[in-house]
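Let the sequences and hints guide you as you build the complete structure.
These are the residues of each chain, in order.
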Amino acid sequence: MTFQRAWSRGAIYFVLIAFAAWYLMPIYLMLITGMKTFDQVNIATMWALPRGISLDGFSQAWVKVAPNFKNSIMITVPAAVISAFIGSINGYIFAKWKFRGSNTLFMLFLVGMFLPYQGILIPLVQTLMALGLYGSIVGVIFVHCIFGIPITALMFRSYFAGIPNELVDAAKIDGCGFFGIYRWILLPIAFPAFAVVLIWQFTTIWNDYLIGLVVVSNPRLAPVNVAVQNLAGTYYTQWQVQMSGALIAALPTIIVYLALGKFFMRGLLAGSLKG
Amino acid sequence: MAAPANAPRRRALRFRGDLALAIVVLTPSIVAVAIFIYFFIAYTFYVSVVKWPTLLPDYTFVGLKNWINMFQDMRFRIDMRNLVLYALGFMTQCIVIGFLLASLLDQKIKSEALFRTIFIFPFAVSGIVTGVVWRWLMYPSAGLNQLFSLVGLDFLKSKWYTDPTWGILAVTIASAWQFSGYVMALYLAGLRGISHELKEAAAIDGANTWQLYRRIIIPLLAPVTFTAVVLTGMGSIRVFDIPAVLGTGAAFSTDALAFHMFQLTFQSNKMSSGAVIASVMIILAGFLVGPYLASLQLEESQ
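These protein sequence lines are chains A and B, in that order.
Following this note's numbering, the numbering of the first sequence begins with 1 at its first residue and continues without gaps.
Following this note's numbering, the numbering of the second sequence begins with 1 at its first residue and continues without gaps.
Quick caveat, the hints were computed from the structure, so don't treat them as lab data.
It is possible that part of the hints are untrue.
[As the list claims (entries may be wrong)] Label pairs and their calculated CB-CB ranges:
1. 183/A / 294/B: 52 to 60 Å
2. 173/A / 20/B: 16 to 24 Å
3. 35/B / 17/A: 17 to 25 Å
4. 61/B / 191/A: 53 to 61 Å
5. 200/B / 53/A: 18 to 26 Å
6. 183/A / 34/B: 25 to 33 Å
7. 130/A / 74/B: 32 to 40 Å
8. 98/A / 294/B: 17 to 25 Å
9. 294/B / 7/A: 40 to 48 Å
10. 166/B / 7/A: 33 to 41 Å
These numbers were taken from a predicted model, which means no experiment stands behind them.
Backbone N, C-alpha and C fix where the C-beta goes; we use that ideal spot for every residue, glycine too.
Structure follows, in structure tokens:
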């Protein structure tokens, strides 16, 4: 029995470790490729470890994608902050100020989470042109804020729904109004919700390709994922530069994930509506 | 001293005023959702039934002509076939791997948090990055094939995404790498919600591990599986980034609806044709999202 048990425990760990290797393999490949000097980079020895550590691949890729990396910061940070703020207000209303039809309205909001963006791209581009936002970073921020409304409202609504109504009622008796309750009762305890939403929006917006591609036609204003894709198209043979560029583009979200994984996990569950 | 008698009424009035204020504050978001989601969807359907063949808008009504042309279009038909294969491959991998890893992690594993972190991290990586790396991992003369040669597993070598028939399934390997950890997280949360008493009761009744999973755990996790099917189905309908990197393949063997729509609309300026594909994508998404949201509403009203 104990032998059989040890055997099955071993098998479980074997499968887990094999899958861990599978999930890490692409990162391993990006890292070792970026650390090779140019004369070592050969597709026939793709899996060989680098001799010494060189940053040739990374520095050449960085030259190519640095302006777009900055664009992505300029887009992602304001868009995540603004949409988190809007979401906190909307979530507060949907959770604590129920009116007739507010649950139905909320469901109609949620539909937006599942919309394939292709379904609205044509009128979106026309509208952005009419508003003078087409082709600009502000335009990209605007679009991300609009399409962040459903998910941010959902996340904050779930969080605020867990705050007892008695607390809100007590604040009302003490003379707090609509804004007072938000400012003095809910905002001070909403840090975890803000963390989840900011991380979710940061990851989603940073990783976006389609909106950046369609809204910004000038490659110099494009976000980093558009630049990485262009790099992959233009420098077809210099695959180590592509790989290094890809790793640079992936780094901010990977760092956020490793540093704040707990909040990221909560976002995952909320994103499936099962939070 | 009439104040105590009046106070509740005044509070009630104040409350009603605050409720009105809440609705006013919510209004800009309602307007934004109404325009950017619902009106835009309707507008896309409208564009699909007008002429608009070039950049210049032409709102001459042509009925279902664009739709009929599209359904006879070879590339569109290949896209629909690719969608079916992609959805099957992507769903199967995500659900099987996700469930397997979640069940294993639920066995009181040492360093569970580390495994969980590794399994989920690809979800923090963009589709473009995933595509770039997997293009080289599945490059026929390099990557995985080279690795298989090194360890003597040559029979595992494949043409991957360059295969003219099954290339689209290779694309799902890259997408499942990215998304299966998410599905695992959903299953793990589900497994943690099953009470220990239930598992112990089954064990006392003499159920073996297989029966426990077959009769108790898998049925109890059916809602999670439903969620996973909806999410991976949505992912299949809107997949864009990975085909954008890997290319459409020989004879569109790795093409996707979303990519076809993008090229028609923004590279060939065929607005109405692009709008037909966009409308098809919305209808397909509706088949998944409708039942899903309905099931959530049921849960909430219970």
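Here is what the structure says about each hint:
Evaluation of the 52 to 60 Å hint for residue 183/A and residue 294/B yields a failure: the beta carbon distance comes to about 37 Å. Judged by the Cβ atoms, the range 16 to 24 Å given for residue 173/A and residue 20/B holds: they are separated by roughly 20 Å. Look at residue 35/B against residue 17/A: about 51 Å separates their beta carbons, and that is not inside 17 to 25 Å. About 54 Å separates the C-beta atoms of residue 61/B and residue 191/A, a value consistent with the hinted range of 53 to 61 Å.
In this structure the supplied range 18 to 26 Å is violated for residue 200/B paired with residue 53/A, their Cβ-Cβ distance being about 53 Å. For residue 183/A and residue 34/B, the hinted distance range of 25 to 33 Å is satisfied, since their beta carbons lie about 28 Å from each other. With their beta carbons about 36 Å apart, residue 130/A and residue 74/B fall inside the hinted range of 32 to 40 Å. Roughly 21 Å separates the CB atoms of residue 98/A and residue 294/B, a value that falls within the hinted 17 to 25 Å.
Taking the beta carbon of each, residue 294/B and residue 7/A are about 46 Å apart, inside 40 to 48 Å as hinted. At about 36 Å, the beta-carbon gap between residue 166/B and residue 7/A stays in the expected band of 33 to 41 Å.
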